[in-house]
Amino acid sequence: MLFLAQRRKQTVGGQLLLGQSCFEMLVKLQPRAFFSFLFRHLKELGWISKVYVNPPAVVRHAEQIQKWRTVKGNWQAAWLLKAVTCIDLTTLSGDDTPSNVHRLCFKAKHPIREDLLKAMDMHDKGITVAAVCVYPARVTDAVNALKAAGCDIPVASVAAGFPSGQTPLETKLAEIKLAVQYGAREIDIVISRSLVLSGQWEGLYEEIRQCREACGEAHMKTILATGELGSLANVYKASMIAMMAGSDFIKTSTGKEVENATLPVGVVMMRAIKEFYWQTGFKVGFKPAGGIRTAKEAITWLMLVKEELGVEWLKPELFRLGASSLLEDIEKQIFHHVTGSYALPHDLAMA
Numbered sequence: 394m395l396f397l398a399q400r401r402k403q404t405v406g407g408q409l410l411l412g413q414s415c416f417e418m419l420v421k422l423q424p425r426a427f428f429s430f431l432f433r434h435l436k437e438l439g440w441i442s443k444v445y446v447n448p449p450a451v452v453r454h455a456e457q458i459q460k461w462r463t464v465k466g467n468w469q470a471a472w473l474l475k476a477v478t479c480i481d482l483t484t485l486s487g488d489d490t491p492s493n494v495h496r497l498c499f500k501a502k503h504p505i506r507e508d509l510l511k512a513m514d515m516h517d518k519g520i521t522v523a524a525v526c527v528y529p530a531r532v533t534d535a536v537n538a539l540k541a542a543g544c545d546i547p548v549a550s551v552a553a554g555f556p557s558g559q560t561p562l563e564t565k566l567a568e569i570k571l572a573v574q575y576g577a578r579e580i581d582i583v584i585s586r587s588l589v590l591s592g593q594w595e596g597l598y599e600e601i602r603q604c605r606e607a608c609g610e611a612h613m614k615t616i617l618a619t620g621e622l623g624s625l626a627n628v629y630k631a632s633m634i635a636m637m638a639g640s641d642f643i644k645t646s647t648g649k650e651v652e653n654a655t656l657p658v659g660v661v662m663m664r665a666i667k668e669f670y671w672q673t674g675f676k677v678g679f680k681p682a683g684g685i686r687t688a689k690e691a692i693t694w695l696m697l698v699k700e701e702l703g704v705e706w707l708k709p710e711l712f713r714l715g716a717s718s719l720l721e722d723i724e725k726q727i728f729h730h731v732t733g734s735y736a737l738p739h740d741l742a743m744a
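The numbers in the sequence shown follow the working numbering, run straight up by one, and end at 744.
Below 27 Å or equal to it, Euclidean Cα-Cα: the simulated DSS-like pairs (lysine-lysine) are:
hint: 1; residue 1: K502; residue 2: K518
hint: 2; residue 1: K699; residue 2: K518
hint: 3; residue 1: K460; residue 2: K475
hint: 4; residue 1: K502; residue 2: K689
hint: 5; residue 1: K502; residue 2: K725
Simulated restraints, written as ranges between beta carbons of each label pair:
hint: 6; residue 1: E595; residue 2: L737; range: 55 to 61 Å
hint: 7; residue 1: T463; residue 2: G596; range: 41 to 47 Å
hint: 8; residue 1: S486; residue 2: E652; range: 18 to 24 Å
hint: 9; residue 1: E563; residue 2: V464; range: 47 to 53 Å
hint: 10; residue 1: W461; residue 2: Y735; range: 22 to 28 Å
hint: 11; residue 1: A742; residue 2: R686; range: 14 to 20 Å
hint: 12; residue 1: G703; residue 2: K649; range: 28 to 34 Å
hint: 13; residue 1: G609; residue 2: S486; range: 25 to 31 Å
hint: 14; residue 1: G703; residue 2: T732; range: 31 to 37 Å
hint: 15; residue 1: T490; residue 2: G609; range: 24 to 30 Å
The set of hints was computed from the structure by calculation and includes no laboratory data. A virtual CB, placed ideally from N, CA and C, is assigned to each residue, including glycine.
Using the sequences and the accompanying hints, generate a full structural model.
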């Protein structure tokens, strides 16, 4: 047992409908289940102090997954194409300009070279990345580039004082509203780590709830910055609070921390997602981000999601990979699968 918390399985339905937030769907489809769960847990926050995570067991479980035999051949190619469709293709640099955002958007629409897709008979499947993720100031550039390209890939924007979260709540809410106004359909907020480290769980809930409200119809991913939360138990607690506050996704990291997405953290967050689903009947998405650079790492994350949450989570509506350089390695591996040789620097388009 990794967790000592009691679990009760509930089989009520509830599918994620595009254009509606997790919170809206919970209220509409499972109001009794959700509000009963929310009232019980907010009224009696003593459960927070009783959460226990067994770190050695979590680490052992993660190590076992890393030892699984890597898929090869056509199976590997299939897993890699699945990974492509779940990528939030990201640029979050201080020197971002309209030109490199436009280039990123072109790559988002054409993630794999057309002749490689034809060789695998996948050229007519409409394979694109899941979203393009940028700073609020670059949202308009991304929206215009994707519109000009004639594709409906959503633009995601980081907000709420990304990456540190060290800004006043009023500023965070204003930034979220601006990003939505500019055309962002997904918002990646970042929590105030100090609220977790000081045990201010009601304060954390209220901050995330207000961010959810500011997002309006945009989907909200809540970045926990797990490398700065101090313990796996805090990761579990923060995950539960974030979902209770209406997050559509919970996300590991900003990509700017010293420690980003790790498998043990992923296990803990997925166990929280599973618990929330059993309690409310609603599925919340998961997004590992930061430090995921190789095709092998992407497949490992896909396998972990399949193991912990099931195949129904292996779709862009419930799983994302936050990455800036991952797509390049995936395309190299697909190039090798199709041609039998390794790609030279000029063989593949820059992202």
